[in-house]
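Following the hints, put chain B in place on chain A, whose structure we already have.
Sequence lines, in order, name chains A and B. Residue 1 is where the first sequence starts when you use this note's numbering, and the numbers rise one by one after that. Residue 322 is where the second sequence starts when you use this note's numbering, and the numbers rise one by one after that.
No lab work stands behind these hints: they were computed from the structure. Errors might be hidden in some of the hints.
Heads up, simulated DSS-like pairs for lysine-lysine below, C-alpha to C-alpha not over 30 angstroms straight-line [unchecked claim]:
#1 B:555 with A:313
#2 B:550 with A:116
#3 B:550 with A:313
#4 A:205 with A:235
#5 B:532 with B:425
#6 B:550 with A:314
#7 A:103 with A:10
#8 A:10 with A:251
#9 B:555 with A:205
#10 A:121 with A:248
#11 A:251 with B:550
#12 A:248 with B:474
#13 A:10 with B:474
#14 A:214 with B:555
#15 A:22 with B:535
Using C-beta positions, here's what the derived DEER-type ranges look like [stated by the list, open to error]:
#16 A:274 with B:399: 48 to 54 angstroms
#17 A:29 with B:558: 55 to 61 angstroms
#18 A:175 with B:370: 19 to 25 angstroms
#19 A:177 with B:567: 51 to 57 angstroms
#20 B:399 with A:272: 42 to 48 angstroms
Yeah, the Cβ is synthetic: ideal placement off N, Cα and C, and Gly gets one too.
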Amino acid sequence: MAGIMIYSDKDELSFELLSGAKLISGHTGLPINAVCINNSEQAQGLAARGAETYLINNEAINLADSQGMASALESAAIQLDANIILLSSNRRGKELSGRLAEKLAAGCLTDVGSIKVNLDKIECMRNSLGGAVLAAQMITSDYKIIAVEPRVFEEMAVGKEGPINNLKIEAQAAELEVLEQRAKVGDTANIESANILVAVGQGLKSENDMLIIKELAEALGAEIACSKPVATDKKWLPEERIIGLSGKKCKPDLAVILGISGQVQFTVGIRDARTIVAVNTDENALIMQMADYIMVADLHDLVPEMTRALLVKKRLNGVRL
Amino acid sequence: MNIVVAMKQIPDLQQVRIRNRQPVLDGVPMTFGSIDKNALETALQLKEAVGGNVIVISAGTEELEDTVKEALAAGADEAYLVLDDELEHIESSVSAHLLAELIKQIENIGIILFGEGSGDNYSGQVGPRIAEILGLPEVGYVCDIELEDSRVKVTRSLEDCEEVVRVSLPAVLTVMADINEPRIPSVTQILKAGKKPQQILEVEDIGFDLKGDKKIVTLSSLAPENKRKQITVKNGEELVDALLTEGVIRR
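Just chain A, same shape as in the assembly (with noise of 0.2 angstroms):
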């Protein structure tokens, strides 16, 4: 028994994922299984990525159902022979890999940062304690489930036609039922793609302020975010712009970082910028030690001086604003 399968609902991260099955299979020589679920689009772009395609069409198969996934997921790895399981870890990917970790009796790894093979043993990178360390972790039962984070890999590009097989997985009804789908209203931010981030914390004293905050984002061309408490506390902000551990993992050019102490479960998602700019009335503050420029100060007169300085630069550099 040995094979790798993967698995994404999302078209772009099982992409992605066909580049960790080459490198795995690059190491190992295991073949690679591609399985897309009700979704014959996903099916020819992996195809196209020259993946071995395996699509099952079952409309019992609900994909907001974890039960029923996961047992088509079982089902699919025992046919295919794969002992290798590489999942997304999106939301509905990590729900995915606890449950059809349980099922194969398997070890399982999510939020997987990298992925190293050393001879045949896969060693994943995760976050451990809040993210104040970096674990490598291997799985040793037969059955390995390992869920990679979006961006970890780039997608695999277009290539040698692969073929597409179909799959016949039998599938209950699921208990589970769907009411309604709704896009997520009004922010629809993306900070994981964003160049420069601003991000705020704890030190911003009141909603107001945010207009100052605003200013400095246009005035650099950065997206805002923020930490935990910010949104899920004060709620000034969405859900979607939180840096963490619970939140994004940013790789910015530049993180410009007002207010925040520092906690690890805010610089796990933060510390692969490639600047750091860390403001903050306490010197003492966690957030300076891992910064490239400190500035000990209120963020609420920097932040207006910034701005000033930074309208001042591109108007002598004859920008129009």
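Here is chain B on its own, set in the frame of chain A:
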């Protein structure tokens, strides 16, 4: 109806310091993960709306007997615990099996609540694993719950959309941090917490082989190296100049 809340004891991460790339855990007090507290608050609000009992379940070292008072003070009625000093760094599959055994001892369960991830490992596996062990439906990343007799209507928050689903009870739900704001217990509640019932089991009572069920090995665990310039700047202009010179912002 009993509402079960699974909580994980972790070191207070705000007090963990790093020395020689190793976390220093000596003297760091134990607490519950922050999203676990949202799960508890969810249970307490459900109890206030429809009645029932809130039962906290947890597996951990002996200190858990003390840590669980946090949850009892906040309003949980009772706790079911597995205590063993070997339970300090257990993997998700072991947690799931131990907690599932605790759940089997509780009758008349309506909802089993989890935070969407623990405070330390944030793997998000234990809820779905327990649902699988017990053969129950599971909905993750819940931001709203509406009880309807023997069913529950929940809103799940995904990256790009919200999904409203209905499942029959009992069900496993994992909640998001922004579902509510956990209450802070009063001094009297804290003092009374010690008197609330705790059912304590040991690993042997459950008949579980801790060492025989390892599926993960940890090869290394180190704080990431931190190489930063650490330049102190005096004002906004100096900062902007430095960033322009560095080329991370454009004129």
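These are the hints, each one checked on the structure:
1. B:555 with A:313: The given pair, whose Cα atoms are some 18 angstroms apart, holds under the 30 angstroms limit.
2. B:550 with A:116: 29 angstroms, holds
3. B:550 with A:313: 24 angstroms, holds
4. A:205 with A:235: 13 angstroms, holds
5. B:532 with B:425: Status holds; Cα separation ~22 angstroms.
6. B:550 with A:314: Holds, because 26 angstroms separates the two Cα atoms, which is no more than 30 angstroms.
7. A:103 with A:10: 23 angstroms, holds
8. A:10 with A:251: Satisfied, since the Cα-Cα distance of roughly 22 angstroms is no more than 30 angstroms.
9. B:555 with A:205: Holds, at about 22 angstroms.
10. A:121 with A:248: 29 angstroms, holds
11. A:251 with B:550: 17 angstroms, holds
12. A:248 with B:474: At roughly 28 angstroms apart (the allowed maximum being 30 angstroms), residue 474 of chain B and residue 248 of chain A satisfy the hint.
13. A:10 with B:474: 25 angstroms, holds
14. A:214 with B:555: 23 angstroms, holds
15. A:22 with B:535: Within the cut-off at roughly 28 angstroms; holds.
16. A:274 with B:399: 48 to 54 angstroms: Since residue 274 of chain A and residue 399 of chain B have Cβ atoms about 51 angstroms apart, the given range 48 to 54 angstroms holds.
17. A:29 with B:558: 55 to 61 angstroms: 59 angstroms, holds
18. A:175 with B:370: 19 to 25 angstroms: 24 angstroms, holds
19. A:177 with B:567: 51 to 57 angstroms: 54 angstroms, holds
20. B:399 with A:272: 42 to 48 angstroms: Given range 42 to 48 angstroms: holds, Cβ gap about 44 angstroms.
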